[in-house]
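Engineer: So the chains spell out like this:
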Amino acid sequence: MKKIFILLTAAVFAVSCSDNLESLNENIKDPNMVSGESLFAAAQKRLADQMLTPNVNLNNNRLWVQHWNETTYQDESNYDQVTRSIPDNHWRVMYRDVLRNLKEAAKVIAETDYEPTNPQKPNKLAIIEILNVYAYSNLVETYGDIPYSEALDIDHTLPKFDDAMTVYKDLLQRLDAALAQLNSETSFTVNEDLIYQGNADSWRKFGNTLKLRMGMTLADVDAALSKATVESAVSGGVFASNDDTAEYAYSAAAPNNNPVNDNLVLSGRNDYVAAQTLVDIMNALKDPRRADYFDPNIRETIGTVASVSTGGGITTITFTENYEAEPIIGNNAYIPTSDPEIPLKLGVITAVGDDFIEVVATDAEIHAGDEVFYGIYKGAQPGRQSRYVEWTHVNRSMVPGDVPGVLLSYIEAEFLMAEGAARGYNVGGSAEDHYNAGIAASFEYWGTPGLSAYLANPDVAYASAIANSTATPAWKEVIGTQAWIALYNETFATWLSVRRLDYPILVQPYRAKTGYPVRYTYPVSEQNLNPTNYAEAANAIGGDAPETRLFWDKFYTFDF
Amino acid sequence: MKTKVSGILTLLLVFVQFTFAQEKTVSGTVSDDAGLPLPGVNIIIKGTTTGTQSDFDGNYSIAVSQGQILVFSYVGFETREITVGASNTIDVTLKAGAVLQEVVVTALGVSREKQSLGYATQEVAGEDLAVVKTDNFTNSLSGKVSGLQIRRNNNFGGSTNVVIRGTTSLTGDNQALFVIDGVPISNRNTNSAAQAQASGNYYDYGNAAADINPDDIESVNVLKGAAASALYGSRAANGVIIITTKKGRKAKGMGVTLNSNTQFGVIDKSTFATFQDKYGAGYDGDVWTYEDVDGDGIDDQVANYVDDGSYGPAFDPNLMVYQWDAFDPASPNYMKKTPWMPARNGAIKFFETPVTFSNSISISNGLEGGAYRIAYTKFDQSGIMPNSKINKHNFLFSGNYDVNDKVKVSGLANYIKTDAIGRNSTGYNDNIVGLFRQWWQTNVDVRDQADIYFKTRRNVSWNPGSAEQGAVPLYWDNPYWTRYENFQNDGRSRFIGNLELSYDVAKWLNVIGRVSTDTYNERQEERRAVGSVAASFGVTRGDVDSGYSRKDITSTETNYDLMLNFKHDISEEISFAGLLGTNIRRNDFQSVYASTAGGLLVPGLYSLQNTRNPSPRPVEIAEKIGVNGYYASASFGFNNLIFLDGTLRRDTFSTLPKDESSFYYPSVSTSFVFSKLLGVDAISFGKLRLNYAEVGNGAPFDRLYDSFTINDDIGTSMPITRNNPDLKPERTKSYEAGLEMRFAQNRVGFDVAYYKSNSIDQIISVPVSVATGYSNKLLNAGEIENRGVEVSLNVVPVQTDDFRWSLTGNFTKNKNEVVKLPEGTETIQLGRFQGGISIQATEGQPYGVIYGTDFMYDANGNKLVDEDGYYMITPTSNNVIGDTNPDWLMGISNSVTYKDFNLSFLIDMQKGGSVFSLDQYYGESTGLYPNSAYINDLGNPVRNPLDQGGGFINPGVHEDGTPNTTRVDASEFGSFGYAAFPNSQFVYDASYVKLRQVSLTYTLPSRYLTNTFMTGLQFTATGSNLWIIHKNVPYADPEAGLSSGNLQGYLTGALPTTREFGFNIKAQF
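The listed protein sequences correspond, in order, to chains A and B.
Count the first sequence with numbering that gives the first Met the number 0 and you get residues 0 to 559, in order.
Count the second sequence with numbering that gives the first Met the number 0 and you get residues 0 to 1068, in order.
Bear in mind the hints are in silico, worked out from the structure with no lab data behind them.
None of these values were measured; they are calculated from a predicted model.
It cannot be assumed that every hint is accurate.
[Unchecked claim] Heads up, incomplete: computed chain A residues facing chain B, CB under 10 angstroms, no partners named:
no., residue
1, 285
2, 320
3, 524
[Stated by the list, open to error] Some chain B residues near chain A, calculated using beta-carbon distances under 8 angstroms:
no., residue
4, 603
5, 657
6, 706
7, 768
8, 774
9, 782
10, 786
[Said to hold, decoys possible] Below, computed lysine-lysine pairings styled on BS3-like, alpha-carbon distance capped at 25 angstroms:
no., chain 1, residue 1, chain 2, residue 2
11, B, 336, B, 245
12, A, 159, B, 776
13, B, 113, B, 506
14, B, 819, A, 159
15, B, 776, A, 28
16, A, 512, B, 862
17, A, 102, B, 776
18, B, 776, A, 106
19, A, 28, B, 657
20, B, 277, B, 335
Glycine residues also receive a C-beta, built at the ideal position from the N, C-alpha and C atoms.
Starting from the given sequences, assemble the full structure and let the hints guide the process.
Structural biologist: Listed below in structure tokens is the structure:
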């Protein structure tokens, strides 16, 4: 029997001695070293997702600029920032998922020896730095004072908040330094840089356009710095066409799909319809982009096709009888298809008669007997429950998974330059030139025909629009309104434009929880985890309220 | 009479004992009152740790001095004390049904005489746990042990929270450790953090302690304090529940026991929503939807089918409108208008009658030199939700064999196979019960939903996206579709086993070697059928209309123990027992979680390859933990009067930095049996005990160094938690004092304990300002204090030959405080929930306070009302609005025996503790409950428009101090519930008084069985959770919740409680 015990004892001690306790604790499933490029790619995606998503927990800008409205639950259209912790979520994504990963990416890249492609390193680091400035400038424009000099350091768990203006100026310097660092070498590969595929020239234009926006943001607070910044950006070379626009290349299928696709299609929910504010203004302007922004889900029948003829750039559709509905020129005409949700677009109606309409020449197959209809656009009152079936929907062309995600657009660049010119900055061209170019860029981006007719509309044409405006200065309303329409689906850019130019006049949502939110309140997590610095910052900016105007936001025109 | 005599004898012989002390060998036979030999009876010389056990024939022999007292004890039998006289043979008969058990199984399986213990333990007999058959035997401990908090969650097959003496770890595991015959079993669940925070579309997969079959339990001993569990060292901080299984013993007859139990449940209606019956679907009050349903070109009046609320038009049975059932050709009401009235079959009719069958057979007998027990139990339970069931097979074998006089072998093998289908979804989204409680239309008849689903097997929902045929549901699937198409299932195969060799090397030295293992494989499968409302699902939690996921888990814990037991009486007055041992523990946990992406390619086929998009990266986890421990203990007894124990354990951890990986855990305890000095007749027993101990809670796997995350979409990311390379284990320092007394021949007794424990060096993943680039930082800081009083009371008010009434009470009061948090941290968010509330650990507050928005008050404490008549709500959510800890717990059980009948019942109460109800938060605003459809102070329906005398006035004052007189309009959604009230409005006091358990047993007297093959027959009728005598939480059980674990006190869509009625037959052959 003793033998058994000797054996058992030996077995026990064999186990205790044979395995090295410490080695048990190794995580054998996750990497402890990764490439800087893989961190950069992920940071880009997080940034693009956050800028573009319509998820109510993350980004409600489309509701706040009254482009869209919610159907059933109105908490976000009503400016409730608390229930869904939107400020917390934006803060977290920007600091932790974007900026921290960019920081680590830069650190790893700086430490990596890329023989023989080391010359690409300065470009990679400069591109990372430009995205850093993009992300930080968004935080300043969204919250005001933010943690900056002590941010992104785990040893500083109570980071102080820095003065927003100071941060903004420092960001401009960092941006200049980064732009200077870009050289002619290539940098990231196609799979690492999903925005410009490592093209340094594109990044230079991006950096200058970002600088243009930041410079413009300072217009009302530091005119001299604003002018110098804007002019240097323009002379450095900003976006010159829609091809330059910074677009994140999404794929058709989750998880690399556009977040609009996630929220409007994959979610299976019908949470959003067009908002009255945007639809009414576009209806008043007979804006042909309505057909591309929205779905013609609310239909008005024109008549039954008798015959069709095409020639001279127009297609004439003659109906079996005089039609009752009066189609409005500038609307699109459609015929139904087997999918009731997706009609066939015939084109913009350019002329009407008693029993015929003319549309821009189309090679769509139209047969006698087809029912032709046009879409009418009805936007829901902001903050009011709005049945999905009763109001205009978002255009289906916006929702496929692989629609590129716009981070900074040529459209915005032109409107910024229009504003610069209006303010007397030298941006190469008049305010009207850039204004027209901005509208044209928007038409081109959405593939909308009918630009020249639109620009001829006295409510659009720069000179007459200025003359008709009662705003002071008038250009704020004219540029502001067109920029606001053209920046559809650009979320933060649109909100920034509305806050800076104070036009168009937005309406008070039904049962608004607060006044117009001109900033995000600070995250509840900062209130809890960093209370002293939070309190100081709240005090410094004039109170942690959604209505507290930030340092660059000097004017307010809404009547609520 | 017997007691009196033995009392006198004891007194007499205590005197004698001091006079003579001559050692001799006494032997004899121990048998039960039927004359059958009892093997394995513990025989201990009173006041010492010296003892022996009877062999399989009930024979024993022991070296003892004349005048010493032998204590014979056996679980389930009354303990007897017999003073050694002149005779060398003492034959003993033990009577079944022990009231006071003197020998208990303590840490590491060491049997100890209870009076020598300097710490609190409390024992529950297995039969008390097996009365009511639940899928989780830990539920049956509720109210039966002081210091123990049991919180079932009402989830089908769900986990039960088992906490002893309060929360000691801020973010670690606080579940009691279960040890079954020396095999440690984790009570941890595999539920995700998201599940515990009520995120969408998750299930409570239960916890592993539920696998233990109550029919196999001989007794449960709860080691409450640190001193009791100190020998478990770094696993002892949460207390230990020692389970001893039934062992084989020589039987009368064949030794076969058959046990058959049938049980069914009836919903306790006080725990489910009661709806108002005046208004139907909608949000906008008296506004209808107008659509051309019948195609005649004229818009028809249609019930607001897209609105998942009941804040619509008033019911009017004479009004005929189109409702959801008019849109589908399969519906009997297709294209028909139906009266606008409340549903005949409300949501409560959705639930089914739960039925449980539990049948077991066990064979127990003795053989030459040994004994065995074989048991098989089949447990089948169907749940309250349609298409839910649990099946368990439980096989158990235990045996012991005496190889020779010195060497004994024993072993246990327990195999459990559990399969479950249709657990209830526990989160906010996609939870049918949450739908009923929060987002339901009072006009929808669930039977109609059932009929159309079973007729078509299609997802025809009351909430279609449009009135068109075949429209996809908008927010909510047909609930029967959810149950029958989108169900989950899971299965677990588990083996628990040990093998023990015991060798008496010398009279004073015994060596025990034991190897034990607990290993299981678990598979969790979740599915979503094509055509469902899109919901968060699978690995990436993206929104998909369909999908399949599976998680495979393997978990193994192996322990190797080698123990040297020393027994030696230093002198006649001083006894000594020592223990020296080593424990090697290895845990290995692995899981793989994989799912489809973007939906299923082929409908109805649930496999990983059937994925529309390329499969997302699976999540693979491999965690290994090793602890090498050495321990020693020494116990001294002085004249049976004073006992002194000391223990020391050293644990070396794999999860700590190499240079600082070993820690020591000491304990000292003493007990003083002062009744021996008093010599007062009325005081049968009196003992004072004191102890101090330090125990721990080891570090989790992989918390030293950081790893990167490989993203599912693109690239890699930094971890969100910064680990800590200088980690230390958590440490609990605990004091305890106790007093145990019994009076009047043990007819009255109490046990009081007071304790204070401080848990320091908390391993906390501290949330930090996310501006640091991290969400959390792992620290070793912070302190939690628990102070408490426990009282157990036993009284036998009446005892005659035929009649006996005994009463047991348990009282628990634990005061918990988060004393300190890491520098600069005032509060740690433990969980964040839908509705904007969070549960936090805040310095100076108890662990687990509820944060949320609150009313605003003026200096006089009046609620502030704004100029529109609505309550002003704090702009921030950082207000403490509730405390999830109960003030105290109490259980009172009564047992009345008259002749062959026994009636027992248990009343279980909790005072205090808070729960937040998301059900009320949303449900009151969506107009479901009567408190949004009452007759107001003007005598009009509150939902009338203001100009028709509707509305109500929120009591309170304006900021200028004037009372509010502004009437709020309540004619449409927005004036009740979350839309107009702060979170604090929906925090309720979780107090309850419950009639927890009732049983009536009839034991057929043996005289009727003398000429049959049967040796025993017993009938029992049982009831559990029969009556919630008192509670404050509306329409729900205050015990309901999401999962076991550190986050308690949140209600969303919990299942209603059922009253369970059962009938049991037990036959022995």
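Engineer: If a hint holds in the structure, say so; if it doesn't, say that too.
Structural biologist: Hint-by-hint comparison with the structure:
Because the closest C-beta pair between residue 285/A and chain B is about 29 angstroms apart, greater than 10 angstroms, the hint is violated. The interface hint given for residue 320/A is broken, as the beta carbon of that residue sits about 18 angstroms from the closest beta carbon of chain B, more than 10 angstroms. Here the hint on residue 524/A is kept, as its CB sits about 6 angstroms from the closest CB of chain B, short of 10 angstroms. Given hint, residue 603/B at the interface with chain A, is violated; its Cβ is 19 angstroms from that chain's nearest Cβ, farther than 8 angstroms.
Against a cut-off of 8 angstroms between C-beta atoms, the interface hint on residue 657/B holds, since the closest Cβ of chain A lies about 5 angstroms away. With a least beta-carbon distance of about 4 angstroms to chain A, the hint placing residue 706/B at the interface is held under the 8 angstroms criterion. For residue 768/B, the suggested interface contact is upheld, since its CB lies about 4 angstroms from the closest CB of chain A, less than 8 angstroms. With 8 angstroms as the threshold, the beta carbon of residue 774/B comes within range of chain A, its nearest partner Cβ sitting at about 6 angstroms, so the hint holds.
The criterion of a C-beta within 8 angstroms of any C-beta in chain A is not met by residue 782/B, whose closest approach is roughly 19 angstroms, and the hint is violated. Given hint, residue 786/B at the interface with chain A, is violated; its Cβ is 27 angstroms from that chain's nearest Cβ, farther than 8 angstroms. This hinted pair does not check out: residue 336/B and residue 245/B have alpha carbons roughly 65 angstroms apart, beyond 25 angstroms. A C-alpha spacing of about 18 angstroms is found between residue 159/A and residue 776/B, which places the hinted pair at or below 25 angstroms, so the restraint holds.
In summary, the hint linking residue 113/B to residue 506/B is supported, as the alpha carbons are separated by about 23 angstroms, within the 25 angstroms threshold. Distance check on the hinted pair: residue 819/B and residue 159/A sit about 23 angstroms apart at the alpha-carbon level, within 25 angstroms; holds. Distance hint between residue 776/B and residue 28/A is fulfilled; the C-alpha atoms sit about 21 angstroms from each other, no more than 25 angstroms. At roughly 19 angstroms between alpha-carbon atoms, residue 512/A and residue 862/B fall within 25 angstroms of each other, so this suggested pair holds.
In summary, the hint linking residue 102/A to residue 776/B is supported, as the alpha carbons are separated by about 18 angstroms, within the 25 angstroms threshold. Between residue 776/B and residue 106/A the alpha-carbon distance is near 21 angstroms, which keeps this suggested pair within the 25 angstroms criterion. A threshold of 25 angstroms between alpha carbons decides the hint, and for residue 28/A with residue 657/B the separation of about 21 angstroms falls inside it, so the pair holds. For the proposed pair residue 277/B and residue 335/B, the alpha carbon gap of about 22 angstroms is at most 25 angstroms, so the pair holds.
When held up to the earlier numbered hints, the structure conflicts with 1, 2, 4, 9, 10 and 11 and fits the remainder.
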